[in-house]
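Chemist: Based on the provided sequences and hints, a complete structural model is requested.
Those protein sequence lines, which keep their order, are chains F and X.
All the letters of the first sequence, read from the start, carry residue numbers 1 to 109 under the working numbering.
All the letters of the second sequence, read from the start, carry residue numbers 110 to 226 under the working numbering.
Quick caveat, the hints were computed from the structure, so don't treat them as lab data.
From the three backbone atoms N, C-alpha and C, an ideal C-beta is built for every residue, glycine too.
One thing to keep in mind: the hints can contain errors.
Just a few of them, taken from the derived set where beta-carbon distance is under 10 Å, the chain X residues facing chain F [said to hold, decoys possible]:
(1) Q115
(2) K166
(3) P219
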Amino acid sequence: GDSVTQMEGPVTLSEEAFLTINCTYTATGYPSLFWYVQYPGEGLQLLLKATKADDKGSNKGFEATYRKETTSFHLEKGSVQVSDSAVYFCALSSGKLVFGQGTRLTINP
Amino acid sequence: KAGVTQTPRYLIKTRGQQVTLSCSPISGHRSVSWYQQTPGQGLQFLFEYFSETQRNKGNFPGRFSGRQFSNSRSEMNVSTLELGDSALYLCASSLGYGLAGANYEQYFGPGTRLTVT
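Modeler: Written out as structure tokens, the structure is:
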């Protein structure tokens, strides 16, 4: 079945550091790909998405490119802030959302 | 526009009891999906409803059931509760569903935290 594998955490960085969270997927067909973020005590919020190969999703300084050849959708941000501390989920949609295990990110000032 | 609301936010039940959770989608959204979130299993899809019909179902036992009303509000029910059912239950709404709905953003509620003792 469809699955998503993402970088295990937790990840701890200093403010203004460069962030990469790796995500690879296995799916039949060509799913849409998403990154969701979950802040403490809250539900999930869509961070960005890409619906076809080579699409780049971007939002709030975060970016991810849909790479069909490597079946990847890695999340990047050039300069993280303390407010980016949260759990990040990579997901694919093939009729329903299939999530990775989540990566807890902590940014220290 | 109001977001997805879930009630109650917290619930404590005893093994063997049953529980009903409620979800009100964003106005105009006709699809409601339910997910279970646990530290061990992560986020797992339970089921999806659109226009009062279950359109998709995850791999959960029959103790987990749901329904959707004509106003798109949805409830999920868990009967004969087990300790392993302790989780955060998330509801999400969107305009579309299924393959066509893959491009529709799912908006999540804050969840209901269920603790089974």
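Chemist: So which hints don't hold here, by number, going up?
Modeler: Of the numbered hints given earlier, the structure breaks none, since each of them holds.
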